[in-house]
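*Asks:* Residue numbers (full-length UniProt numbering), protein chains in the order written: chain A, 1 to 251; chain B, 1 to 251.
It is worth saying that the hints were derived from the structure and are not from the lab. Take the hints with a grain of salt, since some may be wrong.
As the list makes no split between identical chains, a pair holds if one copy fits it or if it spans any two.
Straight-line Cα separation of at most 16 Å, EDC-like style, residue types lysine to aspartate or glutamate; simulated pairs [as the list claims (entries may be wrong)]: (1) Lys33 <-> Asp161; (2) Lys33 <-> Asp160; (3) Lys33 <-> Asp162; (4) Lys183 <-> Glu172; (5) Lys73 <-> Asp48; (6) Lys73 <-> Glu172.
There are 2 protein chains.
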Amino acid sequence: MTDDPTLWAQRLEEAVVGLGANGDRSHDLAHAKRVLRTALALADGVEDQGEGPVDRLVLTAAAYLHDIVAIEKNDPRRSLASRLSAAKAREILGGLDFPAGRQDGVAHAIEAHSFSAGIAPRSLEARILQDADRMESLGAIGVARTFYVAGRLGSALFHDDDPLAFARPLDERAYALDHFFTKLLTLPATMTTAPGRAMAGERAELLRAFAEALAQEVSGAAAPGPRPARPSDGEAPSPLPVWPGSGTRTR
Amino acid sequence: MTDDPTLWAQRLEEAVVGLGANGDRSHDLAHAKRVLRTALALADGVEDQGEGPVDRLVLTAAAYLHDIVAIEKNDPRRSLASRLSAAKAREILGGLDFPAGRQDGVAHAIEAHSFSAGIAPRSLEARILQDADRMESLGAIGVARTFYVAGRLGSALFHDDDPLAFARPLDERAYALDHFFTKLLTLPATMTTAPGRAMAGERAELLRAFAEALAQEVSGAAAPGPRPARPSDGEAPSPLPVWPGSGTRTR
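In isolation and in its complexed conformation, chain A is listed as follows (with noise of 0.2 Å):
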């Protein structure tokens, strides 16, 4: 059988186009799809800075099979998620002679993807199948994705008074902007490799700005333009980055 990870993946896409089915768009296709470019381009920074080579067959596998089995973020079975889809995914590759030397390569790196399995990722590939996983996470991407999950899981999109939870415990099953701060921003330290670091502490950045931006405006932006000040016009220095369009008001 071939090893061309090219070939492998129009193969794997086809094994795997159910992907989402259950109705969960934030697991599709399209989702693995992204995983894997990610996946690629961090295969290509690793070698550049000297590490490696990485098995781009294997990479490839795994990105496309790491979802496979499908367990929503409120089961309680989710932590086996990851553990099911390689043992599924060893099913794949099987039948599709899938090189049989590589196929524990696959099965590891998917096990070990998950923050929840518990599983340090031993090989080079497992290590950046988990950044790039994360990866999803942060950015314009993870702001999507997020309020995606918040809706279907019928969660509040923001605590109305105190978005930012300055002066409230974080409680990200009722508030999905709470995520950002009890799990999203934690991800760049937890990123395996250079490149993943990078990546991960510029994706972060939007999140914060996006936060910033969406508390500025609940806190009641006054309409601009020239008008008389008032006594709560008053400006405090934000350490975030400003947004185009987020106005010149703090919180």
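Model the placement of chain B on the given structure of chain A, informed by the hints.
*Replies:* Leaving out everything else, chain B in the frame of chain A:
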């Protein structure tokens, strides 16, 4: 009966505590309160520019009650929601002994607030409520609400290969991000007050920047950091503001 808007706000808040109880947290009490805050800010702006006076009691009641009858976005009866809400508002206000001479003003603002009703706003309060409600679809709040609603309805987040729809027709039922282009970015032009237009213009910038950052991420960001240039590294000028953290790549 008092006609103090602040006292009525408390009374109305108690009357509408069930808002969003059908699980739609994009139209809950917090939404109503944000619309009120925005509406009052726009009222200040309108009066500062010499229009008015604005009846803040009418505006307060209309903001609390404008979504009192909730109909899901994909329901064919959706276009009736604002008329049904206006009728229900009359019932509630009658029961609360709300000043009789102001109930028509509240009902008109409510029935005219939504696009789908096709009723032109005849009063300043109706124009302000419409602008304030539409503001919720823009800015960071608009981003959050768009993807939240997509999660409820099960549409995809965006088209994976062509998120900004350069080479395909827009399809907002299939892709949440397309809703930015079919509807949200058209909103600033529909604003009926000058302060509403100014605020909407600022918040639309944030939507555009978000869409651009997302497209950059989706297009397969390369790992950041020093590495040899590749042929695909060429940069094209972007007409959109660059977000913090969105990197230097363009699509």
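*Asks:* The structure should be examined with respect to each hint, and the outcome stated for every one.
*Replies:* Checked hints:
no. : hint              : verdict
1   : Lys33 <-> Asp161  : between (39 Å within a copy, 10 Å between copies)
2   : Lys33 <-> Asp160  : between (36 Å within a copy, 9 Å between copies)
3   : Lys33 <-> Asp162  : between (37 Å within a copy, 14 Å between copies)
4   : Lys183 <-> Glu172 : within (9 Å within a copy, 30 Å between copies)
5   : Lys73 <-> Asp48   : neither (36 Å within a copy, 49 Å between copies)
6   : Lys73 <-> Glu172  : within (12 Å within a copy, 26 Å between copies)
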